[in-house]
Structures are given as C-alpha cells and as structure tokens.
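Put chain B on the given structure of chain A with help from the hints.
These are the residues of each chain, in order.
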Amino acid sequence: MAEPGALRAYWAMLRGQARSQTAYRLSFGIDLVSNVGATALDVFTVFVLFGVTRVLGGLDLREALVVTGLTACAFATADMLVGNIERISLYVRTGRFDAVLVRPLRALPQLVLLDLPLHKLSRAAFGTAVYAVALAAAGIAWTPGRALLAVVAPAAAVVFFGAVFVVTASVAFWWTESGEFGNAFTYGGRDFTSYPISVYSGWFRNAFAYALGFAFVSYYPALALLGKADPIGLPGWVGWLAPAVALPAAAVAALIWRQGLRHYTSTGS
Amino acid sequence: MGAGFRRYSTYRQATVAGAFTNTVFGFLRCYVLLAVAAGAGTATVGGYDAARLATFVWFGQGLLAVVLLWGWTELADRIRTGDVVADLLRPVHPVTRYLATDLGRAGHAALTRLVPPVLVGPLFFPFYVPHRWSTVPLFVVSVVLATVLCFGCRFLVNATGYWLLDVRGPMVLWALGSGVLAGLYFPLRFLPDWVAVPLWLLTPLPSLFQTPLDVLVEVDPTPRQLWLVVLQAVWVVAILVLCHLVQRSAERRLVVQGG
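Residue numbers (my numbering), protein chains in the order written: chain A, 322 to 590; chain B, 14 to 272.
Since the hints were derived computationally from the structure, they do not count as laboratory data.
If you're wondering where the values come from, they're calculated on a predicted model, not measured in any experiment.
One or more of the hints may lead you astray.
Covered by chain B, per the in silico footprint, the following chain A stretches (three or more residues, Cβ under 8 Å) [as the list claims (entries may be wrong)]:
| id | segment |
| --- | --- |
| 1 | 351 to 365 |
| 2 | 568 to 576 |
Partner residues aside, some chain A positions facing chain B, computed with beta carbon under 8 Å [claimed, not checked]:
| id | residue |
| --- | --- |
| 3 | Ser348 |
| 4 | Leu370 |
| 5 | Gly500 |
| 6 | Glu501 |
| 7 | Phe502 |
| 8 | Asn504 |
| 9 | Ala505 |
| 10 | Gly509 |
| 11 | Phe513 |
| 12 | Tyr516 |
| 13 | Val520 |
| 14 | Phe525 |
Where is the CB? At the ideal position from N, CA and C, for every residue including glycine.
So here's chain B without its partners, still in its complex pose:
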C-alpha cells in the first residue's frame, strides 16, 4: 500500500493536471444538470434538489479519480510483455498485491484529487451538507467498498488479456459501460425504475460510483442507505472471488510471452 501511495505521489504534475480537468468537467456537468432541474420546473428531479445535484456532481468528479474507473492497464501490459511472470514468483497472491497497491493509489487520490473539486464546487454552486451524523462514516465505508469493487472490475477487464492479449476491445466496452451505467453521465435515478432497479441489483456498476454519492446526499432514509452499502459489500465479495477464480484458471494455461 505504501508503495502504491509513494509511486503515485511522484507524478505531481499529472495530479495537478488531472485535478484541473476534473474541475472543468465539474462545471460542465453541474451547469447541465442544474439546467435540467430548472427546466423540469419541479422541486426535485429523480429525488434530487439543486443542492443535492451540485454536490453529486462535484463529489463525483473527485471520486472518479479515487475509484479510478478508467486508465488502469498495468496488468494487461504486464501480460502482453510477459512481465506478469514476476508476479507469479512473488510470495503474495497477485490479486492481493495489486489490490494493496491500488488502495495506496486511492489513498493518494483521496487527498489530491477528491479535495480540489470538492473545495471549488461550493464556491460557485449550492451545496448539500448531510443532516444525519451517520451519513459521514457510511459515506467513508461506501467509498472504500467502491474502490475495492472498482479494482476488482478493472482486474477482470485486464485479465481478459490472458486469453486475448489485445485488451483494447474489453477496455473500451468497460470504459463506455462503466461511465454511463455507474452514474457518471447522469444520476441513474433519472432512468425509469424498471431500468434502474435491475441495474443496481444485477450489475456491480451503480455500486462503483452512484451509491457512495447517493449515500452522501441522503436521497434515501437511513435503512435504505444501509442496504445500498450492504449490496456494495456483497458485490465486493462476489467480484473478488471471481478475480481469484480467473487468476487461477489463467495460471493453469499461461504461456509466458517473450524470451
């Protein structure tokens, strides 16, 4: 974990550039969603009022880099070059090792990438402060679960490289699907219930991004908040088990690339 943190803290300029970009997209998304709320003319859209929408967008822009929906190709690259063989020689299981590094990275991102948009947003837009004390610890737990879950999904996408070698296809499908179905483009509650509910229960995607944000802005009463986090935990277990299974079957058939 420490290694992951230190490694990412060396890319200081890229961190600044990333935080700047997240902030610009925060403005873009926030204005559009607030215009939607204004155009609808009702007090709330999909359960969100203006302050909740703005908070959803700005925390979302910060959270994006913490859970890291996109841009992790380390495992796929190592599979392609054959370096992955070094991971198999280490005494730590590859899934555990990559997860630990990823948590270190997420810790660094929480300090450097979550904070800037969350500070900038309230300067220009309304902001929703949670009313219930239980929301804040629940939000922290939810973010940690989302990070682990997102790591698991990325690991699986990368692991297709064991069989395909060229992972561009799965990578692009993942980038597209996760962006829209995790709640980055618009809050999933804008969708009709018969789409949103199955999406939540049958795919891990909303648990990656939408759940922590919904917990934070208190769209639901406490029991429902809790259930959403429990659902996240169930998905974390399921995906991590799947990661181990995939890794094991990959190790059985692995032919190391290169000489």
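Isolated chain A (complex conformation):
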C-alpha cells in the first residue's frame, strides 16, 4: 500500500497538473464548456429519436432517459478519472513509458494523474445532472431499496467503465498500433448502454450485454428503479447485480494490466 511519501508525490503530481491546465484560462474555459457538449449531444440525440417514435425498446422517453442519464453520469466520471489511460499506446510507442516505470511509484496511478483531464469535470457534473433530472421526471415509486440502488448503480457503472478503459488500454502492451480498436468497447460500450438493450438482438446483444456485461451497467438497474419487467425475460433482481459485475470486472482489468506490464519491453531508444 502507498506510504505517506508516495501519497505526497501523487498529490504533487495532481497539483502540478491542475496548475498547468489552468494556466491558459481561456483554453481551459473553452474546454470546460465544450466538454459538456459531447454528453449534451448524446442526450439531444435521444430526444430527436423520440421525436419520431414514442417507444424505443419498450420504454417511453422518460424511462429511456433514466438509462441514458445513468450511462452519461457514469461514463463521464470514469472518463475523467481513468479515461486518459488511452494515451498508454503513445507512451509505449515513444518509449516515454520507461520514465514512468523507473519512478518509485506504481505505474497505473501515475499514468492516470499525469494527464488527469480536469476540464472533464464539467462533463461529469452535467452527466450527473441529467441522471438526477431523469430520476425525478420518471415518476419512480421510491423505496429505501431503490434509493440505495440509485446511488450504487452509477458507482458500480463508474467502476465498470473504468475497468473497460484499463483493459482496452492494456491492449497496447501487446498490440502497439491498436489505434481505434479500444474505442469499439469504451465509446461503443457507452453507446450500447445509452439505449435499452431490448433494441439490440441476436449474437450482437448477447456478446455486448451478457458476455461483456454491459447489460448490468445501466439497463437492468434502470428497470429495477422503474419497477418495469424486462421484455427479454430476466427477473427483476438482476438490476442489483451491477456491483457483482463491476467488481470482478475491475479485478480482471487489474490482472490484465499487470500481465501487460510484465509483457512490456521498451523501444530502447
């Protein structure tokens, strides 16, 4: 576990990042505003789609927004906290990763803190606001259990998306030129979980929803919050599986990351 010295070093890295990122005030301001845009457009798209239809995958607009809001909140938070791990392929390719490894600190927290995108705070806040408004507008019959789930589900989803980011980034250890490959699962996962999974079908749904576990990120928790039955036929309690899926996912991600670290050989220049 990290001793006080290491914690101080992480804290110094974080402060340095904050200082350097806010040095150019105008740029930072533009970044803050424009980062809200991506999530705002995802939500806007849902509204446009509901402009031409009344139901999507068995949910109406207010219900579907709980799914979208939960994803927006969790993805934006995970993207802010660990999303910049994507840059690992750049570090591996250029050999800058060596500099990370020679420091007496752990590699993963270092990489996360080296580029922590503080301007993404605005997006995480916006995503959380969408989720809160969606919860309020959906007419949920609140019980203590559901109130607990409304908090646990996004927390579990953050862990899950974080795990997806780490796993897809680890691919760079074996396949340096993987390029956009990881996006299929990170941003693809976000898009997949932004809609009720009942809109997908066949092997594609089975692969993303159940084999990879994306169904338990937002769709099933949202159904449990709304008290709706799953048209696919799973029982109501699966909405509570979110943490039971997220924690093993994080463990798997940690394992793959460590394997990747061991596999890493420097470019040597």
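What follows is chain B alone, placed relative to chain A:
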C-alpha cells in the same frame, strides 16, 4: 496524391483496427435506428424505410473514414511547432498541397475503410440497392465533393492555430458540431423541416455526410438528388475560396514558432 495514399497504406494495423471499430458502431447505430422505425409503427420514418436506414448507417460508417470528419491535426501541429514554414517555401500553394495529400488518403480509405462495413452490414440487416442507374455515378461525385468539402472545413479549423496556437477548443467544437449536424448521430430528416432546411442551405455540414448517403438510398426523386449535389458543389467552392483567403491573411501576420 500518391504520397498521401502511400503514407496511409503504411498504417496497416491501424486501418484494421479502425475498420473493426466502424463495424461495431455500425451494429450499434443500425439496431437503434431500426428500433426507432419499429417503435414509430409507420412504413417510413423521416422518409426512410428499414432497408434505407440500414444502408444509411452502414455506408455512413464507411464514409466516416473517407471524408475523415475528425482526427486531422497535421496543419495545426505544424503551425505549433513552426514546421509550417517549410510549406510556405514549397512551390505549390499550401491549400493545394494539403488537398492533394488528403485526396490520396481518402482514396486509400475508400478501399480499406469503406468496403468492410459495407460488406458486413448486408449480412445481418436489410439492404437498399439503388433502383435508378443515375444514382451510382451521382453518389461517386457526391462522395468526392464531400471529401473535398470536409478537407476545407478541417483546414479552416486547423488554420485557427495561426491565431490561437492552441486549437483544442475549435477542434472540440468542430468534432461536436460536425458529428451531430452532418447526420452521423441520426439522419437529419428526423429533425423538423424548419431546422433541417436552413441547416442544409446555410451550413456546409449536411453536405459533408448526409447528402451522399441520401443520394445513395434515393430518398428524393432525381431532380432533387441533383440539386443536393449542386448545393454541395457551391459549398466546396465557397469553402476553398475561404481557405485561400485565410491562408493569405495568415501568411501576412505569421510569426514562425521556434528557432
């Protein structure tokens, strides 16, 4: 042009990864739009039936890499580092040179990135085959125009670097605006007419992406198809003229970075 083609053909693994990702997003978007069509319960939504929607999505996923909406920062990077000065010493105008390289890149993308999603889509979803012979050449012209137009827009976004140096802000605004307003997130005909028509006429965005796809799936009769392509051509001329003007005024005030 040849140089652009060759340069991009060296990134073979990245091409495979990109085609894979486009294909996954093809599945995601296609399922969602087909669910919209099913939920609406009418024969067509926004003028598209299921086969047209699916074709729109799959060709769109391929077209995305051909017109290259996002991810081109070459000019901005060269402005920041000062390398851009080498472009000014060459006998070819910078806009022409970058455009030629970009067309080479687009040619490579048309072979490697357009084809995979277009082949995968019909295996799992309905597919719309054009009924009129004139549609196919018109589609090809429309794609070429969209590519040139998209290059022009990217050039302008990058060229803000002459004044701002840090182009992240304009870059993000462009990425957001172009994705949704060009028709990538949903067909623009889903929007009410009072939004869609001005968007088409007053901004180049729908001409970047939506127009070639609409031409291909024959949402409109032939005369209207033609007009959409003419509109694209008008935008191409306007944006390229603007590129030249911006480049000239930038050259007048340029202070080269670095030593």
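Now the hints, each set against the structure:
Residue count for the segment 351 to 365 of chain A with a Cβ under 8 Å from a Cβ of chain B: 8. That meets the three needed, and the coverage hint holds. Taking a C-beta to C-beta cut-off of 8 Å, the segment 568 to 576 of chain A contributes 0 residues in contact with chain B, too few for the three needed, and the coverage statement is violated. Hint status for Ser348 of chain A relative to chain B: holds, with the closest Cβ pair at about 5 Å, below 8 Å. Because the beta carbon of Leu370 of chain A sits about 5 Å from the nearest beta carbon in chain B, less than 8 Å, this interface hint is met.
For Gly500 of chain A, the suggested interface contact is upheld, since its CB lies about 4 Å from the closest CB of chain B, less than 8 Å. Given the 8 Å rule on beta carbons, the hint for Glu501 of chain A holds: about 4 Å separates it from the nearest Cβ of chain B. For Phe502 of chain A, the suggested interface contact is upheld, since its CB lies about 4 Å from the closest CB of chain B, less than 8 Å. Given hint, Asn504 of chain A at the interface with chain B, holds; its Cβ is 5 Å from that chain's nearest Cβ, closer than 8 Å.
Annotation: interface hint on Ala505 of chain A holds; nearest CB of chain B at approximately 4 Å, less than 8 Å. Nearest Cβ of chain B to the Cβ of Gly509 of chain A: about 5 Å, under the 8 Å cut. The hint holds. The interface hint given for Phe513 of chain A is met, as the beta carbon of that residue sits about 6 Å from the closest beta carbon of chain B, less than 8 Å. A distance limit of 8 Å between C-beta atoms decides the matter here; for Tyr516 of chain A the minimum to chain B is near 5 Å, and the interface restraint holds.
Satisfaction of the interface hint for Val520 of chain A is found here, the shortest Cβ-Cβ separation to chain B being roughly 4 Å, below the 8 Å cut-off. Checking Phe525 of chain A against chain B: minimum C-beta separation of about 5 Å stays under 8 Å; hint holds.
The structure does not agree with numbered hint 2 stated previously, though it agrees with all others.
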